[in-house]
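Colleague: The chain contents come next:
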Amino acid sequence: MSTWIAVIATGLGCYALKLGGLVTPRRVLDDPRVRRFTELVPVALLTALIAVQALADGRNLEFDAARLAGLGTAAVALALRAPFLVVLVVAAGVAAGLRLLGL
Amino acid sequence: MSVIEDEEVDAPDGGARRAAVRDGVGVGIAVGVSGLAFGAAAVTAGLTVAQACVLSLLAFTGASQFALAGVVGGGGGLVAGSLGAVLLGGRNALYGMRLADTLGVRGWRRLLTAHVVIDETTAVATAQRGRAAARTGFYATAVSLYLAWNATTLLGAAGAARLGDPDVVGLDVLGPAAFLGLVWPRLTSGASQVRVAVAAAVIAIAATPLLPPGVPVMLAAVAALPALITRTERS
Numbered sequence: 005m006s007t008w009i010a011v012i013a014t015g016l017g018c019y020a021l022k023l024g025g026l027v028t029p030r031r032v033l034d035d036p037r038v039r040r041f042t043e044l045v046p047v048a049l050l051t052a053l054i055a056v057q058a059l060a061d062g063r064n065l066e067f068d069a070a071r072l073a074g075l076g077t078a079a080v081a082l083a084l085r086a087p088f089l090v091v092l093v094v095a096a097g098v099a100a101g102l103r104l105l106g107l
Numbered sequence: 377m378s379v380i381e382d383e384e385v386d387a388p389d390g391g392a393r394r395a396a397v398r399d400g401v402g403v404g405i406a407v408g409v410s411g412l413a414f415g416a417a418a419v420t421a422g423l424t425v426a427q428a429c430v431l432s433l434l435a436f437t438g439a440s441q442f443a444l445a446g447v448v449g450g451g452g453g454l455v456a457g458s459l460g461a462v463l464l465g466g467r468n469a470l471y472g473m474r475l476a477d478t479l480g481v482r483g484w485r486r487l488l489t490a491h492v493v494i495d496e497t498t499a500v501a502t503a504q505r506g507r508a509a510a511r512t513g514f515y516a517t518a519v520s521l522y523l524a525w526n527a528t529t530l531l532g533a534a535g536a537a538r539l540g541d542p543d544v545v546g547l548d549v550l551g552p553a554a555f556l557g558l559v560w561p562r563l564t565s566g567a568s569q570v571r572v573a574v575a576a577a578v579i580a581i582a583a584t585p586l587l588p589p590g591v592p593v594m595l596a597a598v599a600a601l602p603a604l605i606t607r608t609e610r611s
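Note that the protein sequences, when read in sequence, are chains A and B. For our numbering, add 4 to where a residue sits in the first sequence, where the first one is 1. For our numbering, add 376 to where a residue sits in the second sequence, where the first one is 1.
Zero decoy hints are in this set.
Where chain A lies over chain B, by a calculated footprint (3+ residues, C-beta under 8 Å): (1) 431–439; (2) 496–506.
Pairwise CB distance ranges, derived in the manner of DEER restraints: (3) A:Arg31 with B:Arg505: 26 to 32 Å; (4) A:Arg85 with B:Gly452: 43 to 49 Å; (5) B:Leu459 with A:Asp35: 27 to 33 Å.
Worth flagging that the hints you see were computed from the coordinates, not collected in a lab. Note that beta-carbon positions come from the ideal geometry of N, C-alpha and C, so glycine has one too.
For reference, chain A alone in the conformation it holds in the complex (with noise of 0.2 Å):
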């Protein structure tokens, strides 16, 4: 299978996966369970990418100092109610200097 084959596959395979959930028939979407499911669901795999985004590295975890101390700037940031931009500039900005002074 040629390299194309696989990237055009890819293409339509995930589109067809992101239509699927909207074309979910109602009489599934209106269960109150499966509201309760799907509202939960957001959180739930947005903070596992967080996660996973700041501790792994492909398949190995990995502590870098730099970057956990970036995304806890955001969290303080956060906490001190600051507006979405500056906590993205401070978190980058943490990182960056930290990595200057050879973290």
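With chain A's structure known, arrange chain B on it following the hints.
Modeller: For chain B alone, coordinates are given in the frame of chain A:
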């Protein structure tokens, strides 16, 4: 924010919608920059510049794209590799189920909207108060991220050799920081959400050394499963 609130608060609210646009464009640009990393990684792995760009245009879901590039680079089987990459997109189906009511799209609009049901658009949409703001945030993120992601994929792929390490300027923190900002309101809104979040993070990290990249995040959806059996509590 709950589904119930989604339906009640549907009055036009300029402030909430402006805030949603701000969130969406902020995420679109901040996360869109990581297209640089994808473009560079794809070409380094052996994809052509055109293949990297087509993958970003068609798949438009970062985890699956990085997975396919990884398989190409590692010389793995392309059939299994494509299948694995597609399965990583499984969480987008769950997002679609969550957003179906909020977006309420039909016909060709639904076909088009489906393409942009991903982590970022879901995160921004579910962080807004009210259905109108959720929709505005969803599409603001979709448009800005689609443009940024595809433009930076091209830049990263074309300039792969010249590109320095994006980690030096802290770009690797932008993704997790952006998602943290978006789930923050939910994490501070109730103990049940925090329990689900902590369980999900623990599951994903514990599974990381054991399973192919991307699968642990999908697996973390089981943290939301207790909602299927408990009857009380609405967040």
